[in-house]
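Student: Here is what each chain is made of, one letter per residue.
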Amino acid sequence: MLEHIEAALRRPNFIAFVVLFLWGLFIMVTHPNLVKKLIGMYLVQTSVIFLLVTLSAKKGATVPILQGTDAIQSVTHEIDPAMYANPLPQVLTLTAIVVQVATLGVSLALVTASYRKYGSLDEDEILKRIE
Amino acid sequence: MSYHLPVIIFLIPFLTAICMPVVVGKRLHWCRPMALAAVFAMCVAAVVNLWIVLDHGETRYAFGGWDISTSLPAPPIGIEWVNDGLASIMLVVLSFLASVCLIYGGPLLPQSLGRRVVLYYTLILILISGLTGIVFAGDIFNIFVFLEVAALSSYALVAVSGGRALVAAFRYLMLGTLGASFYLLGVVFLYAVTGTLNMADLAQQLMDKPELLTSKAVIAGSTFMFIGLGIKMALFPLHGWLPDAYTRAPDAISPILAALMTKVALYAWIRIMFWVLGARAEMGQVHLLTLLGVLGAVAAVVGALLALSQQDVKRMFAYGGISHIGLILIGVSQGNQTGFAGGMFYLINDAVMQASAFFIAGAAVYQHGARTVDEWASLRGSPWMTGALIILAMSMIGIPPTGGFFGKWYIILGAIEAGNYLAVGAVVVATLLTMAYFQRLFISIFRDLQTSSSTVRVETHRSLRVSVGVTSVAIIVLGLCSDPIIKLFRDTAESLGLMQE
Chain A
1 MLEHIEAALR
11 RPNFIAFVVL
21 FLWGLFIMVT
31 HPNLVKKLIG
41 MYLVQTSVIF
51 LLVTLSAKKG
61 ATVPILQGTD
71 AIQSVTHEID
81 PAMYANPLPQ
91 VLTLTAIVVQ
101 VATLGVSLAL
111 VTASYRKYGS
121 LDEDEILKRI
131 E
Chain B
1 MSYHLPVIIF
11 LIPFLTAICM
21 PVVVGKRLHW
31 CRPMALAAVF
41 AMCVAAVVNL
51 WIVLDHGETR
61 YAFGGWDIST
71 SLPAPPIGIE
81 WVNDGLASIM
91 LVVLSFLASV
101 CLIYGGPLLP
111 QSLGRRVVLY
121 YTLILILISG
131 LTGIVFAGDI
141 FNIFVFLEVA
151 ALSSYALVAV
161 SGGRALVAAF
171 RYLMLGTLGA
181 SFYLLGVVFL
191 YAVTGTLNMA
201 DLAQQLMDKP
211 ELLTSKAVIA
221 GSTFMFIGLG
231 IKMALFPLHG
241 WLPDAYTRAP
251 DAISPILAAL
261 MTKVALYAWI
271 RIMFWVLGAR
281 AEMGQVHLLT
291 LLGVLGAVAA
301 VVGALLALSQ
311 QDVKRMFAYG
321 GISHIGLILI
331 GVSQGNQTGF
341 AGGMFYLIND
351 AVMQASAFFI
361 AGAAVYQHGA
371 RTVDEWASLR
381 GSPWMTGALI
391 ILAMSMIGIP
401 PTGGFFGKWY
411 IILGAIEAGN
421 YLAVGAVVVA
431 TLLTMAYFQR
441 LFISIFRDLQ
451 TSSSTVRVET
461 HRSLRVSVGV
471 TSVAIIVLGL
481 CSDPIIKLFR
491 DTAESLGLMQ
501 E
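One line per chain: the protein sequences are A and B, in this order.
Just so it is clear: in the first sequence, position 58 is 58 by this note's numbering, and no numbers are missing.
Just so it is clear: in the second sequence, position 459 is 459 by this note's numbering, and no numbers are missing.
A portion of the hints provided could be inaccurate.
When the alpha-carbon atoms are kept at most 30 Å apart in a straight line, the in silico DSS-like pairs for lysine-lysine are as follows [to be verified]: (1) B:LYS487 to A:LYS117; (2) A:LYS59 to B:LYS216; (3) A:LYS36 to A:LYS128; (4) B:LYS209 to A:LYS128; (5) A:LYS117 to A:LYS59; (6) B:LYS26 to A:LYS58; (7) A:LYS117 to A:LYS128; (8) A:LYS59 to B:LYS209.
It is worth saying that the hints were derived from the structure and are not from the lab.
This is chain B alone, in the form it adopts within the complex (with noise of 0.2 Å):
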């Protein structure tokens, strides 16, 4: 049963995404409970799953008992699944994150759904196990495919509401296809000069043929995977779809899109740094991970600084979004334990953060017609999400009990390990950066407190009450049990065969 657990995960809400129409038929209120039940069931699986994980070890999934061979420890012919401390904890992140979302999104959707709303729920779902098979999979083609089914699923969820969300969609489609179509032209190459797709055989014998890794084949796949996951995580030069997409999404939608899309496409370009090429991989004469490490540098300040130039709340946070993408790549890019675990652990904390910060961003629009940093002085009559925004800005910038802190700490640490100080410079001035701007949302909020007594209390919404409150719980949990989950991700590190100076 343990064994087979990350299929029936994926299962979960991938049957019950088709089911839905069937089932549902005419008797539309049953489709929030349905798709409530079903990433619930989710959680509590993903969280056995880890606690199997932890006690046992990591096990690998080979579908449809491909894994015959004769000669161990060979890899499977067919598809094969990873489930490792690292992909476990992503899941749970993921299905937690995926729930609270759901939780959110009902009272904000869109009223011209109508009938539709039931294959709104169907495409969510359908996106959660999307995202399920990347975290899992262990064959570079299955990533393709199944980044093809998230990335689907939402195109159709940004356009869902229409109107001027639609050309953000199509243009979000357009550069999506162009990164899926540069992925797969870097999969065809390390496929024609290896002759496999599974990661692990990969690596094997990239490490068995080392004059492998320098050839032209795989420099240029490799190169062409970059670009195309660069684009689907919205690396910064390659940004140009997501703020427009993120800001035009209905409200319901941008919190799940920006919490888990770009975070998941940064795991799947780890997994095939780290566990193909491997951490002492070369472009040409340029040591990949110095390249990354610059490329998260530039990405850091760039998206600060843009986002501090933003009008619109929730344009503001997309871009802050862009330039988390820096710090983690800046974070994995050290070369050392402690800056791949303070980078993993940002990860999880930008998924939870960005979540949180669309969650109020929707909520402003909700309640208070709110979209500009101006409009937002509205925003005190909501004591909720004003004290929620609070927590988030600490940990966005970095305030010691949140998780946010831990993060950026042990990126900072593990570059001055490396001695990296570039990198230490960017995280530093990305801090600033980000300061500034949520300082320009408080002016905004907290200006002329005592003179103005126009401002209205609206109660608000009690699930987007919860949804708040629990990512914000979850922001300073992260912070206080930030060692274990630490712990874990060096332990990942130094099986990766990263230093420990």
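For reference, chain A alone in the conformation it holds in the complex (with noise of 0.2 Å):
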């Protein structure tokens, strides 16, 4: 037990990321408002990116361009890795988000036009007035 919290407590990102992917689901699953319930929805998304982004975090790394002498000599030159972040895990990133804003506007469209038709953003309300 207590070795996995240790182990735990060496990730923090670990923690903050199920921590924002529990608390988003806790709240698409809990609130009636339809809103509230996209605000969940956006955090278990972002967390899941988020978690993304901190795996692939590099100190002191810079752009994948070889600088300095790595430009001139990179044919013979061994290229230290560290000093690059990667590209990847950062286009992952950008399409995930393009991903999930792209959900986002078409959510926002079904519940405006939920709204205008029955007058309420309450889940249960709704589903009243559709009785």
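Could you fit the two chains together into a complex? Lean on the hints.
Tutor: The structure is reproduced here in structure tokens:
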């Protein structure tokens, strides 16, 4: 048990991720208000992207373009990968954010449409008016 | 030219979708011919692609020329598409069903759409191109992106007619996005462990380092991916969004969603399960395939039970679809060639059968306003629909000349080969329950046939007749030509290292 806690404390980003993810899930499940549900959904998505970013973070790394002596000697010279940030996770993050924004757009359109139709943002209220 | 064929197939619906609002402008009657031309072109290209793949073997397409590597055979750094036998046959089914669904959708479009009909066709073409992307993708992140492209357009399509569909679409969106987040989380885990997203490269790394496969990160990652795709494919405990979304969706939309969305998500999971994790993967102490077999058996029986208890026919067929997902999972999880081939063959059949089922249900609403089982009595006025329903019932229950029979036959044979009698029992029980719910429909239609003379004969609309006829013929043709398709799947299974006993 103790070593599990110790291992978790050594990775604070995982703790932050778990808290954010479960918090978002909780809001999604419990709140009757549609907009609040969306906020929960946004939290869930953001927490996953957050995990991706923290996993790929490097201290003191720079843009992935060969610099200084590396640029000249890249053929013969051994390049230290710790010097350069990995571009792939960042590209993944960007793509995931684009997907997230598109989802948010569609969901806000749906919420607006159901507000215009039923005059309420409360899920129970809407279900009552449908009956 | 043939090397670029997969991308061309993807670009046909995608470019048409983007150009449509610009080209059509105020001439709304151009939309349908344009969309139909695009999907027909896609059909032809898909058939040519299948023929080329069968002739020359699989090809891999590396985007942006990123396959230049000094140490062969290294996977490309960029995105890779895999064009093998399985993908190309799925693509033929996909483009065929897409075109039939578009033919069918014309007269059933909600009148309230008005000028927005352009957007409807744009969305449906984007949905088709998203599904094409999933079928070809050889990269787990690429699957995520295309899943979301397809899912976003299907949320919008479900909600297109407004009213009660809005709530169903919102719920679908919530759960679908949750599923996508789970899937992405799984991708992040696998990426963190292996540093690659390419499916072939992942499989290679897992094979080289067997300790990786039992590491917590890979187990957690693949579990999250499975939960995510499980929501998308509406596997039994995660199916909550499906019945409402398919029942409330406009009648023009539900066939294409029912036929393709869940099936393609299941296809994506089969790709990951067999092509990345390998058939011998274990989750903790449990064999992964055993676990899936049990989940499939539960889904098959419970889905059919729930279908039996429904009054609304569209909802009944929706639950039937959930039960079929279970049947396919039973087939592919037996760990032998026969079961795998049967499962994949049933997947193709199920796509065609679900399309046909929702065609008939939609036509019943359109012509007779019949939604519930009791109201379906009026369906006896349209012989075309009743005939198609009989063929559909034969295939769903599994009576010989139809495709459904051969799918179930090989699934059961595979289960017997594996000595898995629980799975055999589940398939048989699901079949009996399927028979029972079709019985309810037929009792409703044929009861008091002599006494009641009040039935009105309604002339079926031509495009409804064509689409229902084509799918009924396809069900029988799939049954008659089951041999070569099963053989193709057997070869695929053999290349995956599945046993033949």
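Student: Output the indices of the hints that this structure fails to meet, ascending.
Tutor: 1, 4, 5, 6
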